[in-house]
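Residue numbers (this note's numbering), protein chains in the order written: chain A, 1 to 339; chain B, 1 to 323; chain C, 1 to 148; chain D, 1 to 275.
Treat the hints with care, as some may be off.
In silico negatives: residues of chain B with every beta carbon more than 10 Å from chain C [said to hold, decoys possible]: (1) Leu12; (2) Asp51; (3) Lys204.
Derived DSS-like pairs (lysine-lysine); straight-line CA-CA distance at most 25 Å [unchecked claim]: (4) A/Lys47 with B/Lys117; (5) A/Lys42 with B/Lys113; (6) D/Lys254 with A/Lys73; (7) A/Lys42 with B/Lys115; (8) B/Lys46 with A/Lys278; (9) B/Lys115 with A/Lys47; (10) A/Lys331 with B/Lys115; (11) B/Lys117 with A/Lys42; (12) A/Lys69 with C/Lys147; (13) C/Lys147 with A/Lys73; (14) D/Lys35 with A/Lys278; (15) B/Lys68 with A/Lys227; (16) A/Lys73 with D/Lys35; (17) A/Lys196 with B/Lys117; (18) B/Lys204 with A/Lys47; (19) B/Lys46 with A/Lys331; (20) A/Lys227 with B/Lys117; (21) D/Lys75 with A/Lys278; (22) B/Lys113 with A/Lys47; (23) A/Lys331 with B/Lys113; (24) A/Lys227 with D/Lys254; (25) A/Lys331 with B/Lys185; (26) B/Lys46 with A/Lys227; (27) A/Lys73 with D/Lys24.
Rather than coming from a laboratory, the hints here were simulated on the basis of the structure.
Note that the coordinates shown come from a computational prediction; the quantities given were computed from them, not determined experimentally.
For glycine and all other residues, C-beta sits at the position ideal for the given N, C-alpha and C.
The chain contents come next:
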Amino acid sequence: MLKISLSRLEELFAAIAEKQTLYIPSDRADGAAEFTKWEPGKALTQKLNTLRSAKDFFFPQTENIVDFKMEGKNIQVIDQRSEHEDFVIFGVRPCDARSFTILDKVFLSEPVDSFYKNRRDHGTVVTMACSRPAETCFCGTFGIDATEPEGDAACWSDGEDLFIKANNDKGQAFVDSISSLLEEGDTAKLDQVKAKTKEILSRLPLANLSTATFGGDTLNEHFNSEKWAELSESCLGCGTCTFVCPTCQCYDIKDFNTGNGIKRFRCWDSCMYSDFTKMAHGNPRTSQLERFRQRFMHKLVYFPANNNGEFGCVGCGRCLSKCPISMNIVKVMKALEVK
Amino acid sequence: MQEAMIKRAKELLTDGSVKRVIGWKRGEFAYDITPAVFESAEELDKDFVFDDFTSANVSKYLVKESKKEGKVLVFLKPCDTYSLNQLTKEHRVDRDNIYVIGIPGGPKLDIEKIKAKGITGILSVKNDNYTLKIETLYGEETMPFSEAILDKCASCKSKKHVTYDELIGEDGDVLDSDRFDMVEKLENMTAQERYDFWREQLSKCIRCNACRNVCPACTCEKCVFDNPNSGVENKAASDSFEENMFHIIRAFHVAGRCTDCGECSRVCPQNIPLHLLNRKFIKDINSLYGEYQAGADTTSRAPLTDYTADDCEASIVHERGAE
Amino acid sequence: MQVNENKEFQPLIVAFCCNWCSYAGADLSGTNRLNYPTNVKIIRVPCSCRVNPMFILRAFQRGADGVILCGCHPGDCHYTSGNYFTRRRMTLLFSMLDFLGIERDRTRVEWVSAAEGAKFAATMNEFTEAVRKLGPNRRLEDLRCRKQ
Amino acid sequence: MNNDTLIPHVGVVTDIRIDTPDVKTFRVVSPEGGKVFEHMPGQCAMLSTPGVGEAMFSITSSPTNKEFMEFSIKKCGCLTEWLHAMEVGQQITIRGPYGNAFPVDTELKGKDLLFIAGGIGLAPLRSVINYVRDKRSDYGQVQIVYGSRSKDDLVDYKEIIDEWMADPGVEVDLTIDNPQEGWDGHVGFVPNYVKELKPSTNKTVLVCGPPIMIKFTLAGLKELGFTETQVYTTMELRMKCGVGKCGRCNIGNKYVCKDGPVFRFDQLDALPDEY
Numbered sequence: 001m002l003k004i005s006l007s008r009l010e011e012l013f014a015a016i017a018e019k020q021t022l023y024i025p026s027d028r029a030d031g032a033a034e035f036t037k038w039e040p041g042k043a044l045t046q047k048l049n050t051l052r053s054a055k056d057f058f059f060p061q062t063e064n065i066v067d068f069k070m071e072g073k074n075i076q077v078i079d080q081r082s083e084h085e086d087f088v089i090f091g092v093r094p095c096d097a098r099s100f101t102i103l104d105k106v107f108l109s110e111p112v113d114s115f116y117k118n119r120r121d122h123g124t125v126v127t128m129a130c131s132r133p134a135e136t137c138f139c140g141t142f143g144i145d146a147t148e149p150e151g152d153a154a155c156w157s158d159g160e161d162l163f164i165k166a167n168n169d170k171g172q173a174f175v176d177s178i179s180s181l182l183e184e185g186d187t188a189k190l191d192q193v194k195a196k197t198k199e200i201l202s203r204l205p206l207a208n209l210s211t212a213t214f215g216g217d218t219l220n221e222h223f224n225s226e227k228w229a230e231l232s233e234s235c236l237g238c239g240t241c242t243f244v245c246p247t248c249q250c251y252d253i254k255d256f257n258t259g260n261g262i263k264r265f266r267c268w269d270s271c272m273y274s275d276f277t278k279m280a281h282g283n284p285r286t287s288q289l290e291r292f293r294q295r296f297m298h299k300l301v302y303f304p305a306n307n308n309g310e311f312g313c314v315g316c317g318r319c320l321s322k323c324p325i326s327m328n329i330v331k332v333m334k335a336l337e338v339k
Numbered sequence: 001m002q003e004a005m006i007k008r009a010k011e012l013l014t015d016g017s018v019k020r021v022i023g024w025k026r027g028e029f030a031y032d033i034t035p036a037v038f039e040s041a042e043e044l045d046k047d048f049v050f051d052d053f054t055s056a057n058v059s060k061y062l063v064k065e066s067k068k069e070g071k072v073l074v075f076l077k078p079c080d081t082y083s084l085n086q087l088t089k090e091h092r093v094d095r096d097n098i099y100v101i102g103i104p105g106g107p108k109l110d111i112e113k114i115k116a117k118g119i120t121g122i123l124s125v126k127n128d129n130y131t132l133k134i135e136t137l138y139g140e141e142t143m144p145f146s147e148a149i150l151d152k153c154a155s156c157k158s159k160k161h162v163t164y165d166e167l168i169g170e171d172g173d174v175l176d177s178d179r180f181d182m183v184e185k186l187e188n189m190t191a192q193e194r195y196d197f198w199r200e201q202l203s204k205c206i207r208c209n210a211c212r213n214v215c216p217a218c219t220c221e222k223c224v225f226d227n228p229n230s231g232v233e234n235k236a237a238s239d240s241f242e243e244n245m246f247h248i249i250r251a252f253h254v255a256g257r258c259t260d261c262g263e264c265s266r267v268c269p270q271n272i273p274l275h276l277l278n279r280k281f282i283k284d285i286n287s288l289y290g291e292y293q294a295g296a297d298t299t300s301r302a303p304l305t306d307y308t309a310d311d312c313e314a315s316i317v318h319e320r321g322a323e
Numbered sequence: 001m002q003v004n005e006n007k008e009f010q011p012l013i014v015a016f017c018c019n020w021c022s023y024a025g026a027d028l029s030g031t032n033r034l035n036y037p038t039n040v041k042i043i044r045v046p047c048s049c050r051v052n053p054m055f056i057l058r059a060f061q062r063g064a065d066g067v068i069l070c071g072c073h074p075g076d077c078h079y080t081s082g083n084y085f086t087r088r089r090m091t092l093l094f095s096m097l098d099f100l101g102i103e104r105d106r107t108r109v110e111w112v113s114a115a116e117g118a119k120f121a122a123t124m125n126e127f128t129e130a131v132r133k134l135g136p137n138r139r140l141e142d143l144r145c146r147k148q
Numbered sequence: 001m002n003n004d005t006l007i008p009h010v011g012v013v014t015d016i017r018i019d020t021p022d023v024k025t026f027r028v029v030s031p032e033g034g035k036v037f038e039h040m041p042g043q044c045a046m047l048s049t050p051g052v053g054e055a056m057f058s059i060t061s062s063p064t065n066k067e068f069m070e071f072s073i074k075k076c077g078c079l080t081e082w083l084h085a086m087e088v089g090q091q092i093t094i095r096g097p098y099g100n101a102f103p104v105d106t107e108l109k110g111k112d113l114l115f116i117a118g119g120i121g122l123a124p125l126r127s128v129i130n131y132v133r134d135k136r137s138d139y140g141q142v143q144i145v146y147g148s149r150s151k152d153d154l155v156d157y158k159e160i161i162d163e164w165m166a167d168p169g170v171e172v173d174l175t176i177d178n179p180q181e182g183w184d185g186h187v188g189f190v191p192n193y194v195k196e197l198k199p200s201t202n203k204t205v206l207v208c209g210p211p212i213m214i215k216f217t218l219a220g221l222k223e224l225g226f227t228e229t230q231v232y233t234t235m236e237l238r239m240k241c242g243v244g245k246c247g248r249c250n251i252g253n254k255y256v257c258k259d260g261p262v263f264r265f266d267q268l269d270a271l272p273d274e275y
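Using the sequences and the accompanying hints, generate a full structural model.
Structure, rendered in structure tokens:
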């Protein structure tokens with residue numbers, strides 16, 4: 001497999017950044033990791049994962065859809081869309097890489113969302129395999145192999161060298177563009193690292209979390225379970241779990257009057273917010289129990305029902321560590337699990 | 001301590017003087033504790049937990065729970081009792097439907113500080129005389145207890161329970177803490193430095209509203225930010241102005257009512273030091289209108305709903321502070 | 001923020017004037033033929049304490065470069081204690097804006113009674129000059145509302 | 001770049017007809033004349049006034065009408081209030097068509113039809129009624145049961161009297177909730193009136209109206225011997241995108257804007273009762 005020494009990473013990034021904008025996960029002032037534009041001297045983070053997922057690159061938190069100019073009775077629709085620049089996201093973890101395929105199922109299905117497609121076509125995802133999974137990781141439950149990441153091109157690190165392999169033609173184009181820096185290398189040491197990681201993955205506390213009792217056809221079984229009351233009683237109804245989640249796709253469309261025109265923009269929305277389904281004549285989900293149930297039923301039952309069995313969660317563990325009251329999908333799955 | 005609390009709670013449950021107990025429930029790991037309502041002795045034995053990670057301030061749940069039929073027992077740390085007093089003063093809770101057992105505060109741990117040290121794969125955290133023994137998938141790690149303390153506990157303002165019906169352990173007293181040091185440090189910066197500091201912090205905000213939904217002082221039936229024609233985007237980070245406006249107005253609405261319990265900074269997923277905004281208001285109120293601690297009692301008038309004829313003029317802000 | 005022919009920066013000033021005193025004061029300065037800059041846009045409010053901090057921030061969002069809040073002198077507020085609350089509220093708000101690094105001199109509270117037409121005109125002239133020196137408001141504006 | 005379903009077209013309101021104190025029917029055409037897009041009966045469109053809001057309304061005109069599209073809108077929110085304040089010639093933005101339609105060319109073809117509507121619920125059914133009347137030979141006997149709070153709350157009252165009642169193949173039964181002078185027709189709630197009329201059970205039923213009316217009508221129909229596979233309805237939930245992506249109009253795993261708004265009752269029963 002092609003490889004480059006880890007000491008020449010800076011050189012590799014410089015080569016990539018020449019042709020396309022490069023984003024890498026690097027440490028912020030407060031210690032958390034975040035995807036930022038690469039500049040010379042910006043180091044790759046040692047943290048397992050970034051605080052905000054890479055979803056932002058394809059489905060940003062706010063995005064202008066269209067502008068309007070109102071003149072008397074007439075409306076002028078101004079389409080602001082422009083071709084997005086090419087960019088590379090380096091160091092995406094396998095769980096985040098899988099979340100892109102889940103978002104694709106939503107946004108690239110008919111009728112295609114042109115905003116998302118515009119960014120998705122111009123973005124090259126270069127993934128990085130995990131070697132030190134955290135206790136909150138449970139990507140194995142959803143069939144993700146943390147040592148064999150998906151994405152356009154995949155990278156592994158065995159401590160000395162960075163191995164790189166293309167998974168599809170976009171990945172191949174990326175590898176070709178930096179092939180001058182790469183050289184062939186044997187993967188003996190890398191296979192040891194992979195084996196060790198696989199061994200750790202099997203020892204993770206959530207390794208044997210199973211999705212057996214969930215899936216597209218288990219709707220009635222779970223919808224009226226009386227456990228929802230107990231699970232949702234201390235939920236604050238904030239949007240943290242949905243806004244840090246890499247696979248949440250719900251959005252809201254709002255208008256903003258700038259004083260000299262109207263901007264219609266799209267922004268993330270959370271099913272946990274009280275006004276998510278609020279209509280002029282009522283709201284089908286008035287209690288926090290219904291909203292809480294909707295979030296987890298969507299990921300564990302509705303999404304698989306509409307996407308032939310693929311779950312809406314990738315097991316990245318962000319909601320486990322960021323929920324103010326530590327309620328999350330793992331506790332819901334364990335509570336609803338039918339032994 | 002945990003056994004004493006469970007024993008006492010079971011006694012009160014069985015003799016019928018309380019119907020429900022608000023406490024904390026064990027999670028998957030050592031540190032993911034969830035506030036919970038217990039209704040039976042078995043539940044208490046099975047799940048109730050009280051240890052170094054039970055730092056959540058549960059007084060806000062009393063707004064709902066105290067309106068239900070039957071008394072509710074709640075365990076409150078000293079800083080939580082200030083929040084309950086403030087809620088009582090504003091008639092948001094039915095105080096005589098609540099039975100409060102004061103429990104010792106004691107500094108609580110912040111798992112983010114442990115993880116920030118690069119410790120990962122945490123399986124268990126044991127505290128033996130102030131050094132943490134952390135068992136992880138990658139071997140045993142140790143860390144001084146003092147380095148993993150929550151920010152709000154590091155600048156603890158009082159170990160005194162200001163309201164309780166019963167006490168487990170003794171009552172402490174008000175401490176003079178260094179909680180305004182960081183505020184002073186910021187005040188002495190130049191305006192540009194302050195602007196850059198806050199722009200960098202507030203630009204991280206993802207508008208998840210966790211700070212508002214956890215704050216015991218933020219209990220409006222319908223928040224102004226949820227009102228579409230308030231003109232503020234309540235879920236979009238669509239402009240730097242929106243972030244500034246949201247945090248200024250939220251801090252303003254709790255000015256004079258915020259008990260400085262530190263929950264907003266604890267729950268912020270982006271680690272923004274939101275407590276500094278509230279402490280700035282507290283520091284200003286103390287210096288301009290006389291020492292005031294929200295929640296210290298349930299009768300005094302909040303500073304912003306009060307006035308004296310010889311309050312200072314607003315131009316005082318223009319005279320002080322470096323440019 | 002308009003820039004007229006002689007290319008000098010013309011700040012946009014929003015003045016919240018309390019209906020009983022300052023608005024009458026402004027009216028008096030008009031009848032006395034005293035002039036104050038046209039950049040000042042007056043918004044009449046029943047009392048100075050009707051002004052919610054959001055109004056002030058919204059004015060900045062929409063392109064105001066300075067906001068001044070005029071009310072009755074403490075003691076002769078039509079609603080007896082309105083301006084006392086304003087005084088506390090605005091002191092804390094201005095202090096917070098300053099804490100966030102936003103220029104202090106963009107905001108001000110002035111007590112102008114119905115008889116002080118001259119003071120109203122002088123205050124407006126002086127405030128406009130102060131804001132003109134500060135330049136356009138870049139720290140608290142909404143980029144979407146910036147006039148292209 | 002191809003156009004995106006979220007980017008609206010401009011429509012001009014050419015005629016506003018006041019049907020009831022809180023319902024107006026708006027005629028919308030493209031600025032260059034003609035319809036903005038084609039649709040099938042039962043489908044809906046997103047109307048909006050930039051800066052006020054955007055909402056989903058069922059298209060009440062029949063697809064066989066080539067010149068314009070009509071929307072009967074009840075005033076009950078900030079956008080509808082703004083729309084009711086419009087004058088003729090005002091432009092609005094419109095995008096669609098969204099949702100599936102009543103299966104007029106499949107299950108309904110050749111069947112005897114029974115339309116049961118309550119209040120503003122007539123709007124989506126009117127599109128199907130006029131479509132069926134224009135293609136009369138493809139369908140069997142048509143019966144319309146329509147009720148409202150009071151006489152002047154009957155939407156499209158003029159058209160019902162002049163055209164539908166005059167049409168031989170169409171039987172129209174009107175009712176109002178409580179007696180009112182100047183009204184000699186039936187008085188009573190729609191569900192009870194349906195039970196009185198005892199329609200024959202080989203008819204296919206299309207129901208639309210307030211949820212409470214649908215619930216009791218369905219119960220009444222079951223008593224009369226109708227099975228759930230014969231009854232269709234159209235749902236209404238909050239919608240933002242109209243194409244099943246923004247995630248808010250779901251009942252169970254079905255999105256009302258994409259898999260609906262028209263559902264058969266056996267499909268609805270398979271879903272949790274979350275509406």
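Hint by hint, here is what the structure shows:
Distance check on B/Leu12: its Cβ is at least 43 Å (rounded) from any Cβ of chain C, clearing the 10 Å threshold; non-interface status holds. With a least beta-carbon separation of about 37 Å from chain C, B/Asp51 lies farther than 10 Å from that chain, consistent with its non-interface assignment. For B/Lys204, the non-interface assignment is confirmed: its Cβ lies about 15 Å from the closest Cβ of chain C, beyond the 10 Å cut-off. Proposed proximity of A/Lys47 and B/Lys117 is supported: the alpha carbons are some 10 Å apart, at most 25 Å.
Among the hinted pairs, A/Lys42 with B/Lys113 is consistent with the structure: their alpha-carbon atoms are about 23 Å apart, no more than 25 Å. For the given pair, D/Lys254 sits about 38 Å from A/Lys73 by alpha-carbon distance, which is inconsistent with the 25 Å threshold. Annotation: proposed proximity of A/Lys42 to B/Lys115 holds, straight-line Cα distance about 22 Å (limit 25 Å). Taking the CA atoms of B/Lys46 and A/Lys278, the gap is about 39 Å. The hint is violated against a cut of 25 Å.
Taking the CA atoms of B/Lys115 and A/Lys47, the gap is near 9 Å; set against the 25 Å cutoff, the hint holds. In summary, the hint linking A/Lys331 to B/Lys115 is supported, as the alpha carbons are separated by about 21 Å, within the 25 Å threshold. For the suggested pair B/Lys117 and A/Lys42, the alpha carbons sit about 20 Å apart, so the restraint of at most 25 Å is met. The straight-line distance between the Cα atoms of A/Lys69 and C/Lys147 is roughly 14 Å, inside the 25 Å bound, and the hint therefore holds.
Of the supplied pair hints, the one linking C/Lys147 and A/Lys73 holds, its CA atoms being roughly 22 Å apart against a limit of 25 Å. Proposed proximity of D/Lys35 and A/Lys278 is contradicted: the alpha carbons are some 31 Å apart, above 25 Å. Proximity of B/Lys68 to A/Lys227 is assessed by CA-CA distance (about 20 Å); at most 25 Å being required, the pair is judged to hold. With a C-alpha separation of about 19 Å, the suggested pairing of A/Lys73 with D/Lys35 holds against the 25 Å cut-off.
For the suggested pair A/Lys196 and B/Lys117, the alpha carbons sit about 23 Å apart, so the restraint of at most 25 Å is met. Our distance criterion of 25 Å between C-alpha atoms is met by B/Lys204 and A/Lys47, whose separation comes to about 18 Å. For the hint linking B/Lys46 to A/Lys331, the alpha-carbon distance of about 16 Å falls within 25 Å, and the restraint holds. This hinted pair does not check out: A/Lys227 and B/Lys117 have alpha carbons roughly 37 Å apart, beyond 25 Å.
This hinted pair checks out: D/Lys75 and A/Lys278 have alpha carbons roughly 17 Å apart, not beyond 25 Å. Taking the CA atoms of B/Lys113 and A/Lys47, the gap is about 14 Å. The hint holds against a cut of 25 Å. For the suggested pair A/Lys331 and B/Lys113, the alpha carbons sit about 24 Å apart, so the restraint of at most 25 Å is met. A distance of roughly 23 Å separates the Cα atoms of A/Lys227 and D/Lys254; the hinted pair therefore holds under the 25 Å criterion.
For the hint linking A/Lys331 to B/Lys185, the alpha-carbon distance of about 42 Å lies beyond 25 Å, and the restraint is violated. Restraint check for B/Lys46 and A/Lys227: satisfied, since their Cα atoms lie roughly 16 Å apart, inside the 25 Å limit. A hinted pair counts as satisfied when its Cα atoms are at most 25 Å apart, and A/Lys73 with D/Lys24 qualifies at roughly 19 Å.
Going down the numbered hints, you'll see the structure goes against 6, 8, 14, 20 and 25, while the others check out.
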